[in-house]
Every structure is written in C-alpha cells, then in structure tokens.
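**Student:** Using the sequences and the accompanying hints, generate a full structural model.
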Amino acid sequence: MRDDWLRRDRLPHIYCAGCGNGTIINCVLEAVDQIGWNMDDTVFVSGIGCSSRAPGYILTDSLHTTHGRALAFATGVKMANPSLNVVVFTGDGDLSAIGGNHFIHACRRNIDLTVVCMNNYIYGMTGGQGSPTTPIGKTSTTTPYGAEETPFDLAELAVAAGANYVARWTSFHVKRLTQAVLDGMNTPGFSFIEVRCQCPTSYGRRNKYRQPGDFITYLRDNAILKEQWDLSSAPGDELPQDKFLVGEYVRRKRPAMGVPHEA
Amino acid sequence: MQGNIACAEGALAAGCTFFAGYPITPSTEVAEHMAAKLPKRNGCFIQMEDEIASMAAIIGAAWTGVRAMTATSGPGFSLMMENIGYAVMSETPCVLVNVQRGGPSTGQPTMAAQGDMMQVRFGSHGDFSIIALSPSTVQECFELTAEAFNLADRFRCPVFVMADEVIGHMRERITIPDSVQIVRTKPLKEDMLPFTPEEDLIPGFAAFGTGRKIPVTGLTHNEKGYPDSTNPARHDALVRRLVDKVENARNQIADFEIVNEDAEYVFVCYGSPVRTVQEVVQRTKTPGTGYLKLRIVWPFPEDLLHRFPNVKAFIVPELNLGMISREIERHVCVPVISAGKIGGDLHSPDELIAIVERLRSGGAS
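Listed in order, the protein sequences are those of chains A and B. Quick note, this note's numbering runs 293 ahead of the 1-based positions in the first sequence. Quick note, this note's numbering runs 43 ahead of the 1-based positions in the second sequence.
In case anyone wonders, no lab produced these hints; they're calculated from the structure. Heads up, a few of these hints could be off.
Unchecked claim - One-sided and incomplete, this derived list gives chain B residues near chain A with beta-carbon spacing under 10 Å:
| # | residue |
| --- | --- |
| 1 | Ala99 |
| 2 | Ala111 |
| 3 | Tyr269 |
Only a predicted model underlies this, so the values are computations on that prediction, with no experimental measurement involved. All C-beta atoms in this analysis are idealised placements derived from N, C-alpha and C, irrespective of residue type, glycine included.
**Tutor:** If you want it as structure tokens, here you go:
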C-alpha cells in the first residue's frame, strides 16, 4: 500500500547510504495509509535541502519550493483549498534558519498543516555546514573548532508559538514516530513533529558517528522520555549534556485556520 | 474612486478570490480593500509575515486553481524577487500590483516613481521574461488589473501591474462594466504531461486536487516535472521556452495608443507621465509632437517604434533616470532623449515643451 504512493520512476533517490530521511518518509506514508487519505486530495510541500526532496518521490501533487518558504507556500495551498490534506517536509536549516519567521507565524496562525522536520543537526545537501540545531561543541565545515552558538529547541519553539500538536521523536523510534504523525494529522490546526535523525555523511563523519548504526544508537541512548523527565525532574533542572527529550509536547484545541468544514 | 481601490475592484471583477499581502505605503489600500471584500465573496484574504511569504502564499493558492494576487511597493517588491523567479520556473499564473515609490531602499514612501521598471524585468536571478502593464488613469487601474489575470492564465507566468504613487492615490471617476472578459488557463489534456508545451509553448494547467499528481519544482525539470538540473540541453530548452512563450507574443499582446504618427518628436510614455505628455501633445498642441503610450511595457513591443516615419527623436519622460529609454535606444537609429525625473513630482508640460523646442532649434537635450 505504501509502495503505491511512491514514484518508482524517480528511483534511485538522492539520499546517501545510511541516511535517516527514508525511514521518516516511510513512517509518514504509513501514517497517511492508516488515516486513509486519498492520493488525489493530498499535497506534499517542501523547501530546499535533503529533507525537501521527499515530496518529489511521492505520487501526489507536490510543491518543492524555495529555501525556507515551504510553510508560506503551504499556507497558500491550504487557505485556498482547505479540503486538501497538506503535509510539509522540512529540515532544521530550512525551517529554523532561513524559514524561522515563517515557522513561528504558521504556528501562531495554527494553519491546519502537518509539518515533519527532519532534524539532522546540519546542512546536509551543501556538504555539512553548521545549522541552528548543531549542538555546542560539534564539528561542521563552518564550525571547524566546534559550534559555539546555543541551538534551537524546535519542539519548544513550536509550543511557545502556538501550534496545536507538537511531538519529538527520532529515526530510531519508528512506531512512536508513526503514531505521532498520525496524531498530528488527526489534530486540527498546526501539527509539528520534529524528528532527530542521522546524517552519517555530513554530520556523523565529523562527529564520531561515521556508521549509521552508531548514530542511531546515539539517538536511542540519549533520548529521554518527556513523560519520565517531567515526573522525575524538579522545575529548573537542566538536562544532562547530550541528552534530549522525546515524546508529545502538546495536544490542544486553540483556534485554527484552514480547517475544512465538516460536510 | 482611488487608483489602488480600482486595482482591487479590477481584481475582484476578474474573479480573484485569494489575496496575500503585507502592509506597505503606497499600496496598502489594495490590501485593505481586498480584506474588506474577499471574506464576503467566500474568498480568502491573509496578511502574511512579510512579502516573501505573501508571494509564496499566492503561488501556493494559484496551484489550487484560484486567481491569486498580492500588492506591494519597492522594498516589498525587492523581497518578492526570490519567489517571482519560482513562479516563472514553475509556470504559476499570478498577479502582482507594484505601486512604485522613490528608491533605492526605504527612499520616498509617499512619493511617486517608476524606478522598478528594470527590476520587474530582470530583478530575479537567471534568464526569464514576464509581462508588465502600466496604468496611467484610475480607469486603467481597473482594466489592466483585470486583464493581468487573463494574461497570467494565458501565459502561465507572473504578471505585474506597475502603477505608481500618483496613480495609486489619485481619485477619478471611472466606469465599472457589468462584467469583464475572462480567459482562464488552457486545461491540461488527458494525454499530456504537466510541463509539455503546446504549440504556443505554453503547457495546459491542472489544479492540485484534480488527480493529475503534478510534482512542481523550482529546479530545472523535464516534462513530467521531475528535476533534471545537470543536463545542459534540458536547461537550455526549458529556459528558452519560458522566455520565448512571452517574447514571441509581444506584438500580439501589445496594448498601446499612438497619437500623431507623422510627428517628428515622439514621446514614448507609460504610467503617470502619460498625463503630462497628453497635455503637451493634445491640449497644448505643441507643433510636430506625437506620442506612443504603452499600456504593456514588458515584453517590449519594439515594432511600434517604427510606426513613426518622420521621427527625428524619441523623448522618454519617466520617473526614473532613464530605464525604458535605454530599451528604446536598442531598437532605433534616431536620437533617444531620456527625460528622467526623480524626486516625486511629475514632469510639467513646460519641461517637456522645452525639450522639444531645444531639439527643434538644433540643440542637444
């Protein structure tokens, strides 16, 4: 069933061996399958970067747009025809650097979109430059002595900006990720799913995760369930170095835009 | 009615149901009018976070099959350049109103200029061609904005209404017809790929949600819409087609007015300077003068310049330091006198008459 949604004549794809993006596309299409969306009523939108090549491999109408602007294009599609199901694929650089303003405003407006961000900590397509999510101390071609800037927490940013559904998982947590995408699709308003994923070629290679398996192990071992952390930590506690939270951040019913009227 | 409102009314008459924009002087009234009118017509008005997003949103909306537009002025127009290129490459029909003001940079927000006439033609990166109209009356704000939607659909490219602050804020009595002519995109035929051109070099259009599963990209692409960006022949063929589909039609779509074909001194004008030229030629009846008024400036209809058998010089009054005058120089062998004026005031009739008299007495301008 999921295979029916792929453009076989586009293969082979451009992703490097060991890339996490394929896993995430697979999870999103599984969620689309489970929710039962029709190909003809579904539109995938993206910006520029490795993540943003995803719509081109999926057999629906799609918009592969300009760098950082996917959410603004998707806003036009959804507001002009709310009956379409609109999913946005984006990456950490596309969404939170050049597209940061569009991101917070799409969250604020709570446009009825499902946004999946493949956060691989790096600009992969251009060869591994530091991004707004590159952790402090990590090496990239533009942070050769280690990144010095504090990274964004994309999930917290989406919560603060007003999105109705926010979750974070990794390319290791495929079942939980698929469920989160499904929950996002089922939540009217802006749904944001951040997915931390491996980029062995451009990030791992310079940061001791050359092997995809090592990178995925890192993602597994450093992810702390948000529910557990919320129960066990005191207010103001800092996460240990390298650790990050995964889980559902918010599911709420703030007023949303572009939600189709029930027939 | 005010020129900006007439632009909005022209869009509504043409069936525009989607407007995305960002406030900017002197174009804001277009957005305000659409904000008031569209919700009552089951349309959508959305104020975006900036002009980059406004341009993106109208392209997204256009792919759902609606008529979509935005309006802006210089600084916002600069921000739109990125996605104007995307609209060109993806062959997305959309309309932009640019109520021009003095630049560069923030410049003169409340004063008229025509300083974006080259930016509209060449401002986005890469080779391309677009269609730009220029109203010189409030009536033309209505008519040309409505017509812009037809041209956008016909040629599948962004179409620009290049007004200026004088026309945008001027009030004149206008006649609004019961209906305007509407020409929509050709449908994408069943057996055609989404980017296979027909004889006129323009592909048929199918909206999102109609089952054609169209992959749209800003990358160089093949007829299916699939990226193919490292094949030199593919890029050459695609970009030449995007240029030729507009340029080959330049005489067919030319929209102009000629007065005194036998004139020796011919004004070429567009936008608000037309009004001064009409004063000089028609009311003052300055001897030996005539004019060519362009309602469509780009693609430039150079054949019209050869309609003046006795011409000794072309005089080009524009609210910039000589943009379209350079285009005219490329096409003619007689002197082209650039009468550029910036600062916000229109030319006075006396200024233009003085140029004619200088020329007549054999002096250089």
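**Student:** Determine for every hint whether it applies to the structure shown.
**Tutor:** The hints, checked one at a time:
1. Ala99: holds (4 Å)
2. Ala111: holds (7 Å)
3. Tyr269: holds (6 Å)
Violation of the numbered hints given earlier is absent; every hint is satisfied by the structure.
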